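2 protein chains.
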Amino acid sequence: MPADASPRPTIYDVAQRAGVSKSLVSLVLRGSPHVSEARREAVEAAIEELGYRPSRAAAALASQRTRTVGVLIDDFHNPWFVELLAGLRSVLDPAGYTASVADLQLDAASGRNPVDGFLAQHVDALVVAAEPAPGALDGVGAPIVVAGTRELGGAQDADIVAGDDELGARLATEHLIGLGHRRIGHLTGRSGPGAHRRRGYEAAMAAAGLAPAVTGEDGGTSEEDGYAAACDLLDGTAGVTAIVAGNDVMAVGALAALRERGLSVPAEVSLVGHDDSPLAAYRYLQLTSVDGHSREVGAAAARALLSRLDHPDAPPHRELLAPELVVRASTAPAASV
Amino acid sequence: MPADASPRPTIYDVAQRAGVSKSLVSLVLRGSPHVSEARREAVEAAIEELGYRPSRAAAALASQRTRTVGVLIDDFHNPWFVELLAGLRSVLDPAGYTASVADLQLDAASGRNPVDGFLAQHVDALVVAAEPAPGALDGVGAPIVVAGTRELGGAQDADIVAGDDELGARLATEHLIGLGHRRIGHLTGRSGPGAHRRRGYEAAMAAAGLAPAVTGEDGGTSEEDGYAAACDLLDGTAGVTAIVAGNDVMAVGALAALRERGLSVPAEVSLVGHDDSPLAAYRYLQLTSVDGHSREVGAAAARALLSRLDHPDAPPHRELLAPELVVRASTAPAASV
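Chains as they are written, first to last, in full-length UniProt numbering: chain A, 1 to 337; chain B, 1 to 337.
Rather than coming from a laboratory, the hints here were simulated on the basis of the structure.
Heads up, some of the hints might be wrong.
What the hints assert, rightly or not - Reference excerpt, derived from the structure (chain B facing chain A, CB under 10 Å, subset only):
1) 9
2) 76
3) 85
4) 103
5) 279
6) 281
7) 282
Just so we're clear, the structure is a prediction, and the values are computed from it rather than from any experiment.
Where is the CB? At the ideal position from N, CA and C, for every residue including glycine.
Just need the whole structure built from these sequences, with the hints factored in.
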């Protein structure tokens with residue numbers, strides 16, 4: 001506490017109080033069997049009396065593990081990561097690992113590389129749920145699991161666990177085709193998942209003999225970008241009755257563009273999001289969306305990571321989880337013309 | 001890298017390569033002036049050759065500082081924390097501190113106490129942007145800054161930097177009164193900021209001689225809770241023409257309740273959120289909201305924290321930042337009856 005800050009007791013204080021060496025305190029903290037009962041009790045009593053909290057930093061030096069995992073996300077503004085993180089922690093927590101989260105957006109603003117931050121903290125491993133700049137992961141001496149995306153950012157031998165974005169967008173597009181829509185547009189953006197989703201949309205359109213209409217290629221993947229791409233689509237392509245958005249926040253941007261043009265959802269235009277983020281489930285939005293099973297992706301990524309820590313030389317693990325379409329109120333049959 | 005994982009070089013490897021003691025390597029890493037030029041060069045050459053990355057854990061044991069700050073938030077689902085975090089980091093990053101984020105929701109599910117997690121990581125300080133259970137902060141031997149809320153969770157001598165929630169809700173209510181509204185309801189929820197906001201609403205209503213109508217006292221502060229509280233308000237109080245929601249996600253819940261009853265916003269009912277989160281600015285929602293200047297709160301909290309680390313015995317710092325109403329499209333003059 002600030003006002004009566006007595007210095008935190010250290011492992012040296014514990015050793016002194018117990019009348020043993022610092023190394024012996026370390027052995028006790030690590031649960032070593034090579035300690036006599038009497039000395040163990042003396043150390044435990046000293047820990048109790050001093051209110052010493054075993055430091056992860058000290059344990060790290062002893063064991064070379066900090067039991068901390070750095071989780072790198074793209075942007076706290078886009079809530080798709082929330083479930084991924086929950087899944088990661090459902091596996092990491094019981095295994096005694098703590099997750100630290102950092103995002104690329106904020107660090108882009110400050111000019112710092114979050115990967116270096118994590119390495120300075122001596123994390124045991126990195127979970128990359130983002131697309132770092134090429135080279136940002138070069139020379140990282142810790143295991144990397146890429147989670148939720150297939151983009152590697154230079155980590156060619158990283159483990160990958162992701163939702164199958166291409167299949168997800170195909171499911172979304174086929175749903176709209178099944179509802180009788182023919183003029184179906186797609187809002188994309190510069191991102192790895194965006195490219196996979198675009199391919200899924202294009203494949204479904206081609207399989208049905210329909211012409212694709214894609215906008216947003218030069219933009220990002222925010223709500224603002226979704227709005228701009230939807231304006232381009234609606235103003236550039238006549239008779240669009242359905243839209244596959246690159247993600248949920250882009251879909252919310254599209255809702256505004258549709259309302260501005262007096263087009264009601266789903267009566268006149270159907271709309272599908274992607275990620276099944278908390279936004280999509282809001283009663284006011286009720287977006288049909290592709291559930292990439294982010295929680296399961298997170299849990300599988302954490303299992304891959306624990307396995308990698310135990311078996312550093314195993315071949316790269318690649319796992320794609322099949323997504324699922326969650327149908328809500330933003331899609332409906334095409335009006336007969 | 002997984003496939004050719006050679007163990008990360010340690011400070012011992014550097015010492016051996018340079019032909020010096022581990023302590024001397026530590027001195028070099030800490031920039032000590034008590035090292036000869038020749039030995040410093042030998043250590044720096046060894047660091048370079050081995051690709052050694054100075055470990056924050058090792059530096060921690062040397063200096064008793066990890067230069068890591070634990071940031072505790074309530075729930076990643078509620079995006080109000082995004083700007084606070086940006087503000088924190090705008091000050092912490094240049095000072096060489098890394099922020100680790102954890103939330104109470106996920107840890108409630110796993111039964112782990114995130115405060116213990118941070119202490120095990122030996123963070124230098126905690127930023128509490130959440131309401132921990134009473135006692136959760138007892139005995140924390142690190143400085144605590146409570147940010148964005150005035151609730152202390154037992155940390156009576158913590159520093160506090162927060163937006164003035166009471167004033168914020170008063171501004172929102174006075175805005176509606178100024179627009180001619182008389183039947184103005186309030187959606188609240190169990191939370192410290194919720195209580196302050198409710199008091200602000202009640203004070204403004206009392207000052208104008210209007211009767212308050214509050215719902216949601218027994219609920220939380222999620223979108224779902226906002227929907228339920230709005231249903232209770234609209235079904236229980238006749239003629240409501242304006243609503244002050246406890247926060248932005250609750251306001252989005254209220255939008256659904258209003259739409260279900262055929263009430264248009266703002267033509268028939270005006271609605272104000274609180275937090276000015278990314279949601280409020282979405283073109284499709286355009287919520288009038290109270291901007292608590294979370295980025296400035298975060299920056300001020302970080303400055304308080306750095307000051308506390310330098311002056312552990314200074315009296316507690318208390319700072320309330322004045323909020324500001326951001327008027328968007330969800331509020332309009334009361335229709336003349």
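Status of the hints after comparison with the structure:
no. : hint : in the structure
1   : 9    : 8 Å, holds
2   : 76   : 5 Å, holds
3   : 85   : 7 Å, holds
4   : 103  : 9 Å, holds
5   : 279  : 8 Å, holds
6   : 281  : 8 Å, holds
7   : 282  : 5 Å, holds
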